[in-house]
Amino acid sequence: MMKIGVLGLQGAVREHVRSIEESGAEGIVVKRIEQLDEIDGLIIPGGESTTMRRLIDKYHFLEPLQAFGKSGKPIFGTCAGLILLATNVQGRDTSHLGLMNMKVERNAFGRQRESFEAELEIKGVADDFEAVFIRAPYIAEVGEGASVLAQYQDKIVAAQEGHYLACAFHPELTDDHRLTAHFVKMVEESKKSLAC
Amino acid sequence: MSRTGTDRVKRGMAEMQKGGVIMDVVNAEQAKIAEEAGAVAVMALERVPADIRAAGGVARMADPTIVEEVMNAVSIPVMAKARIGHVVEARVLESLGVDYIDESEVLTPADEIYHIKKNDYTVPFVCGCRNLGEATRRIGEGASMLRTKGEPGTGNIVEAVRHMREVQSQIRQVVSLSDDELMTYAKDHGAPYELLLQIKEEGRLPVVNFAAGGIATPADAALMMQLGADGVFVGSGIFKSNNPQKFARAIVEATTHYDDYKLIGELSKDLGTAMKGMEMSTLTESDRMQDRSQ
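Protein chains in written order, with my numbering: chain A, 22 to 217; chain B, 805 to 1098.
Watch out, some of these pointers could steer you wrong.
[Said to hold, decoys possible] Calculated pairs, DSSO-like style, for lysine-lysine (alpha carbon to alpha carbon, straight line, at most 27 Å):
no. : chain 1 : residue 1 : chain 2 : residue 2
1   : A       : K79       : B       : K1066
2   : A       : K79       : B       : K1073
3   : A       : K124      : A       : K91
4   : A       : K91       : A       : K79
5   : B       : K921      : B       : K1004
6   : A       : K79       : B       : K836
Rather than coming from a laboratory, the hints here were simulated on the basis of the structure.
From just these sequences and the hints, can you work out the full model?
What follows is the structure, encoded as structure tokens:
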């Protein structure tokens, strides 16, 4: 069975594990660097990106996470996870993991009272996806080679670049597991090709 | 079509705070220290609970200037406290754009009988609880997040432990009840029946439950996580210690790795002096903030 980790430093970890298991893979909470060796793909969950970054630094996760991505193993970032994946974060001189070629803006839809849910079309995944946006970021630009999977009011809210997947909303907060299932399929394919 | 202020959006916001530490701050400088240390949110206040105790008199919503100062200083969510039942303070805080309102017994209640009908608001609320009856009544009124009451501003963990154990044990009890026993349990505890039914089916509360009221050290935070808290609020414990930066960082790490004793041991070395703290028996009846609401 495929093993998919959820970075468990802070945030909505349990919900992602549940969604992974509903999608037919094994979900593992990753709190230590060594655990990255056991997994075939990784989800970086929603939470507070500044908090997660501090804990990533504190436990020397930054380089191992970058190496994990560069080895070809898929990573899926949701909300704060999307910010951590991006090569360019508005208002910051440096990126966090800097793995996925895109420019993102934090808290781009406003504060909590502006947080919302809306139905989205996600290319190749669903045309009626209930997406929950919480103090969400959006993707201002994607780089060459990345494809836009979903937009909300002209803002890019989901994208994929090779084995990296990112969305600004929280698929783990609903019972709709189609986007997670899409990621599980990405992991399955990468596992096959990495084994060759 | 987009919808704001739905249960999913309001409860989901609290889900994102899980495993984190929310810190009380009274100005921009403290807010930045908290953010830098890895807090998932800050609570903007005029005084931390220990100082509210010391000052006496009526404690009210903070001056909006302080709330705005804190909101402008950090990019993490900002919470603020309104008095229990004070719908105008709550509406004012909502209009300022705070990310969460704490309808809090730390402030002097404006209404000794009724709480705010929180499901009317777009902004989510957190409320204190000591047991499953209080927890479910607050959820019934629309709270999107809970916390134990503990005994705020004492630096003494004993009441938070009592409340967390009580809630957890009552959840286990409800799960084990037969369907025909549930209505009587609802009556005895003043708990909404439908919510008990949901808790029985899911085996847990429908909202996040943090620990609050008396957390003063990294070990305290880890203890509350082990007892089943989803995260912790630290009120006076950080800025009443003699080294706020160090305490803040250590409490954040202990909350993440609450079962790594070696690490917590390291974090606890040379921390400096924790806030002084108070023994419960020295409090008079009117000193007990947790008894201010049910």
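Going down the list of hints, with the structure as the test:
Straight-line distance between C-alpha atoms of K79 of chain A and K1066 of chain B comes to about 16 Å, which keeps the hinted pair within the 27 Å bound. Taken as a hint, the K79 of chain A and K1073 of chain B pair is honoured in the structure, with Cα atoms around 17 Å apart against an allowance of 27 Å. Distance check on the hinted pair: K124 of chain A and K91 of chain A sit about 19 Å apart at the alpha-carbon level, within 27 Å; holds. Of the pairs offered as hints, the one joining K91 of chain A and K79 of chain A holds, with about 22 Å between alpha carbons and a cut-off of 27 Å not exceeded.
About 25 Å separates the Cα atoms of K921 of chain B and K1004 of chain B, which keeps this hinted pair within 27 Å; it holds. Pair hint K79 of chain A plus K836 of chain B holds up; C-alpha atoms about 18 Å apart against a cutoff of 27 Å.
The earlier numbered hints are all upheld by this structure, with none contradicted.
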